[in-house]
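Chemist: One letter stands for each residue in the lines below.
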Amino acid sequence: MDLAEIMQVYFSAGMIKPIFIRTARAVSAQDSFNSNDLLQPVRSLTGNRFTYLEPNYQDYFTIMQLRRMSRITRLGLVTAIECLRDAGDIQPEAIITGTGKGSLTDTEKFIHAVREFGEGTLNPSPFIQSTYNSLNGLIGLHHHINSYNSTYVHSGFSLEHALLDAAIQLNEQSIRTALVGSFEEMTPEHYIIKDKLDFWKKEIDSPDAVMKSSPGAISGEGSFFFFLDYQQGAAPLQLVDLALLFEPGEGAVLRAMEGMLKQHGLGWDQLDIYLSGRNQDSRHDHYYEEVEHCLSATTHQLHFKHLSGEFDTAAGFGLWAAVRMAETNQLFPSMIRKQGSTPSMDYMLLYNQYYGKQHCIYLLKKT
Amino acid sequence: MPSVFITGMGIVSALGIGTASQREKLAAGVSGLGPATFLNSIHKTEFPFGEVPFSTEELFSKLSDHSKLQQSRLQALGALALEECFTGGAQQPAGIRQGLINATTVGGMTDIEDRYFELIKPELIEPDMSLAAGLDCATGTEHLARQFNLTDFVTTISTACSSSANAIQLGARLLQQGVLDRVVCGGVDSLTRFTVNGFNSLKNLDRNACKPFDSNRNGLNLGEGAAYLLLESERSIEKTGNKPLAVLSGYANFNEAFHPTAPSPEGLGAYEAMKRTLEKAGISPASVSFINAHGTATLNNDEAESMAIHRLFGETVPPFASTKVYTGHTLAASGAIEAVFSLLSLQHQEIYPALNFETPIEATGLIPCQTYQELQVEHILSNSFGFGGNNASLLFSRYD
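Protein sequences appear in the order of chains Y and A.
The working numbering puts the first residue of the first sequence at 1, with every later residue one more than the last.
The working numbering puts the first residue of the second sequence at 1, with every later residue one more than the last.
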């Protein structure tokens with residue numbers, strides 16, 4: 001194996017011990033939040049966009065509080081609140097988030113206000129909430145958590161770098177628990193900008209069928225939070241390894257996966273579940289196809305972009321589903337792309353890439 | 001914990017390009033603040049700014065190679081600092097894993113804000129859309145990583161004004177855990193109309209040069225710039241033969257969960273960040289030779305930081321100063337810029353004078369060091385505090 005690629009298997013290369021995911025929460029375009037599963041009827045997309053099914057905020061905040069919070073701030077905070085509640089309202093020893101774009105609504109609102117009022121007297125709220133780490137600060141404020149606190153804003157690596165940061169601190173035992181999450185929204189304005197950058201499919205996709213293969217993806221949104229622990233306890237899922245590859249060369253993704261499996265004494269046929277970030281973008285789907293060729297017929301092949309849409313931190317949907325499937329000991333039917341023959345669900349491989357640039361491979365194990 | 005060696009540094013600020021130019025101005029007590037020339041804002045002459053005194057085109061002309069960069073002020077500033085910091089990019093020793101940990105508050109906003117309203121019109125087809133990708137913070141970082149062959153690991157941190165101090169901390173952890181062997185850490189921000197109006201809406205901008213730690217201080221001045229440190233593990237130094245400039249001996253990050261934009265009056269976050277940094281390094285407060293304070297000159301920060309310093313150091317506060325009056329507050333770049341200033345102090349065994357100070361803050365009576373001094377400098381504590389209650393401190397120690 002080429003040395004340069006082994007380097008990118010981070011947990012293994014750094015001899016970082018596995019970490020445990022105790023609880024997981026998701027707010028997405030699907031009804032994933034209220035029952036914390038994916039068993040409700042599938043919500044279809046409108047145009048080429050999946051948009052949030054928003055929680056009932058009145059359950060969490062007063063009218064006064066809501067007035068001060070923007071869309072993604074509310075969404076992210078509610079996701080974090082429920083994730084912490086599931087974990088028994090224990091104060092995490094770190095809050096680490098990832099977001100590709102932060103609060104786009106606030107950023108845009110402030111850009112518009114600067115022009116509209118000719119750089120005059122402006123309301124500072126959108127400026128403050130446009131700051132990428134403002135949600136982190138609010139989670140800390142809301143739960144009175146004095147702790148390590150950081151925010152990663154690196155596109156398709158944002159969530160994974162937050163997980164990596166938590167993992168190295170759990171590993172060195174400077175912390176014992178961490179709240180790690182991601183949050184992302186899409187606005188009509190930013191949809192236009194990304195459309196001009198060829199992010200989206202040009203034709204409107206049929207709302208009922210699985211997406212068709214063509215250049216571009218379907219836009220999505222999602223907010224995911226995970227409570228991590230250095231010890232197993234009652235955690236349903238273990239993050240065994242994580243490999244991150246930036247603009248990998250030909251065949252590098254497969255070699256990284258094979259290296260990772262080998263490192264943990266596994267073969268392809270020992271994977272019970274494969275979670276794919278495949279999004280029917282014909283420009284980059286070859287990465288997923290190469291992996292599919294290696295999979296055993298025993299492995300259940302699952303996907304999720306037809307439920308979540310595409311966004312920087314969409315892998316969070318797959319990770320959330322993995323935690324919840326491990327805990328409930330069942331596959332989510334709406335995610336099954338190809339049923340495998342194995343009755344077990346011990347080892348799971350999650351692979352997601354974002355427009356060919358950032359590639360993330362998660363090796364997960366049901367506890 | 002394995003040692004984290006600092007073997008390279010690079011910087012661009014209102015004091016000029018390169019470490020030599022910074023040291024000359026710092027030692028002479030010459031501020032880089034003044035009216036802005038290149039910032040497109042009606043406020044450009046109303047407030048003093050720490051603007052890098054070159055147009056974007058001039059910045060590019062000073063780079064030896066920018067073939068993989070976009071025509072972006074953010075990327076030009078970053079590349080100039082990286083070029084000075086990391087000269088060995090083309091020769092990656094076998095088995096050495098290297099990366100870039102960048103920090104920014106608004107990414108390529110400067111490059112986009114003038115064209116934004118065209119970008120959002122669906123019917124307008126732009127001849128070159130590529131700069132629009134700069135609205136994502138990752139874009140500038142990735143162009144810099146490609147230019148300098150730092151692509152094994154690439155990330156961007158955004159925790160407001162403590163961003164690059166957190167980038168340096170992550171770099172240290174990745175080295176200490178053996179995930180990477182050498183890593184370039186730092187940050188970059190360019191002046192934008194967006195940020196200038198943001199701080200103006202918070203009524204945080206002083207119309208005159210700022211007065212850190214003065215009882216009559218009246219807000220901050222904004223600046224721009226970039227700075228990076230090259231951190232190496234022992235394993236990497238054995239292969240590269242690089243000579244350490246200093247050691248990063250302690251670091252901490254502590255969120256005080258008090259208020260979205262203001263510190264607690266007693267400076268709990270600042271206190272904990274400094275205290276934990278010294279604990280990590282295993283040294284007592286009495287061993288600190290100098291404190292490079294965050295010292296933005298806002299009413300809240302300087303009071304809270306003074307209280308925290310007072311509480312931690314008691315009656316024997318070491319010499320301290322803030323360099324914000326030299327460079328302006330460079331936001332995500334400030335932690336790394338001031339890390340470079342701290343390293344210059346360690347390297348040359350000297351400390352630089354605080355400017356613009358007259359009257360101490362009543363509650364603490366702390367007086368910053370106001371003269372250039374040659375001094376035995378062993379350990380420098382550097383503070384970076386940000387919105388959201390994010391407090392980070394770093395401890396730089398002399399390498400013998």
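It should be emphasised that the hints constitute simulated quantities derived from the structure, not laboratory data.
Bear in mind the structure is a predicted one, so any value in this text is a computation, not a measurement.
Treat the hints loosely; a few may be bogus.
[To be verified] Where chain Y lies over chain A, by a calculated footprint (3+ residues, C-beta under 8 Å):
id : segment
1  : 35-43
2  : 61-73
3  : 113-121
4  : 144-157
5  : 254-263
Glycine included, C-beta positions come from ideal geometry on N, C-alpha and C.
Chemist: So, for every hint listed, does it hold in this structure?
Modeler: Verification of the hints:
{"no.": "1", "hint": "35-43", "verdict": "holds (count 3)"}
{"no.": "2", "hint": "61-73", "verdict": "violated (count 0)"}
{"no.": "3", "hint": "113-121", "verdict": "holds (count 6)"}
{"no.": "4", "hint": "144-157", "verdict": "holds (count 8)"}
{"no.": "5", "hint": "254-263", "verdict": "holds (count 8)"}
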